[in-house]
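Asker: Can you build the whole structure from these sequences, using the hints too?
Listed here are the chains, written in short residue letters.
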Amino acid sequence: MADDIKPRLRVPTTAKKGELVEVKTLITHPMETGLRKDADGKLVPRLIVNALAVTFNGKPVLNAKLEPAVAANPYLSFFVKVEESGTLKFTWTDDNKQSWTAESKIEVS
Amino acid sequence: MVASRLTRRTALGALAGALLARNAFATPDQARDWIAAMAKGTPKDGKVSLKAPEIAENGNAVPLTVSVESEMSEKSYVKALYVAADGNPNPGVAVYEFTPLAGKAEVALRVRLQQTQKLVAVAEMNDGTLYTASREVKVTIGGCGG
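These protein sequence lines are chains U and S, in that order.
Just so we're aligned, residue 7 is where the first sequence starts under our numbering, counting upward by one.
Just so we're aligned, residue 95 is where the second sequence starts under our numbering, counting upward by one.
These are computed hints drawn from the structure, not numbers from a lab.
There could be a bad hint or two in this list.
Pairs of lysine-lysine residues, derived as DSSO-like cross-links and limited to a Cα-Cα distance of at most 27 Å, are as follows [as the list claims (entries may be wrong)]:
no.: 1; chain 1: U; residue 1: K95; chain 2: S; residue 2: K232
no.: 2; chain 1: S; residue 1: K141; chain 2: U; residue 2: K87
no.: 3; chain 1: U; residue 1: K22; chain 2: S; residue 2: K169
no.: 4; chain 1: U; residue 1: K12; chain 2: U; residue 2: K65
no.: 5; chain 1: S; residue 1: K198; chain 2: U; residue 2: K65
Answerer: Have a look at this one:
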């Protein structure tokens, strides 16, 4: 299961200085709430992506803490104001402390 | 004696009922408490807006956009944004911590909603003031499994 978990990003590759850039992220993850029962009637243990940290050139932009009420394949879009070229880095962490990272470069002209 | 026992039993029954109800779904109070545990103070109305469909056919993934009016400068920015739902098994939805680098305090996400309920958002500014808004979403098919 865990091998199917893949982050996806939609970030523009170029931007003007000072532009507000919209960033769209998604990670394929079932977000088990811990409330669902399997076919045998047993509770499926909770396993969700509980955090997403976003940095631009190493500086924090956004930290998200997620609860089970966030839908499966958690999608999040937000904004970044870019003043210089750099790299956006995304780190997702789940309840098992497993993490996934993704990066995207933005060229500022 | 009889009368007092009856009262105690009734009281216990009511308490058990309340506990059961609480186990099933969060209440508006719990949603407020969940936020209040992190954001100290009394939120004022305004600045925050929630965008979500009035009627969600499928509660498994309800699109929600939360934005907060702020210039997002070093002097004045939204430090944190708390989102809760008052009719899910647990009140919490998500917490977003911003820095001025974000430029705009807006997030879009998809939430699970078990039933028709109110979504509540509270924004905490860097000076500690709190703003809130809420929005009701009618849910046709709940989305928390079960």
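Asker: So, for every hint listed, does it hold in this structure?
Answerer: A quick look at each hint next to the structure:
The suggested pairing of K95(U) with K232(S) is violated, with an alpha-carbon distance near 36 Å, which exceeds 27 Å. Taken as a hint, the K141(S) and K87(U) pair is honoured in the structure, with Cα atoms around 20 Å apart against an allowance of 27 Å. Restraint check: the Cα-Cα separation between K22(U) and K169(S) comes to about 24 Å, which is no more than 27 Å; the hinted pair holds. Restraint check for K12(U) and K65(U): the C-alpha separation of about 24 Å stays at or below 27 Å, so the hint holds.
A distance of roughly 16 Å separates the Cα atoms of K198(S) and K65(U); the hinted pair therefore holds under the 27 Å criterion.
Violated hint: 1 only; the structure is consistent with all others.
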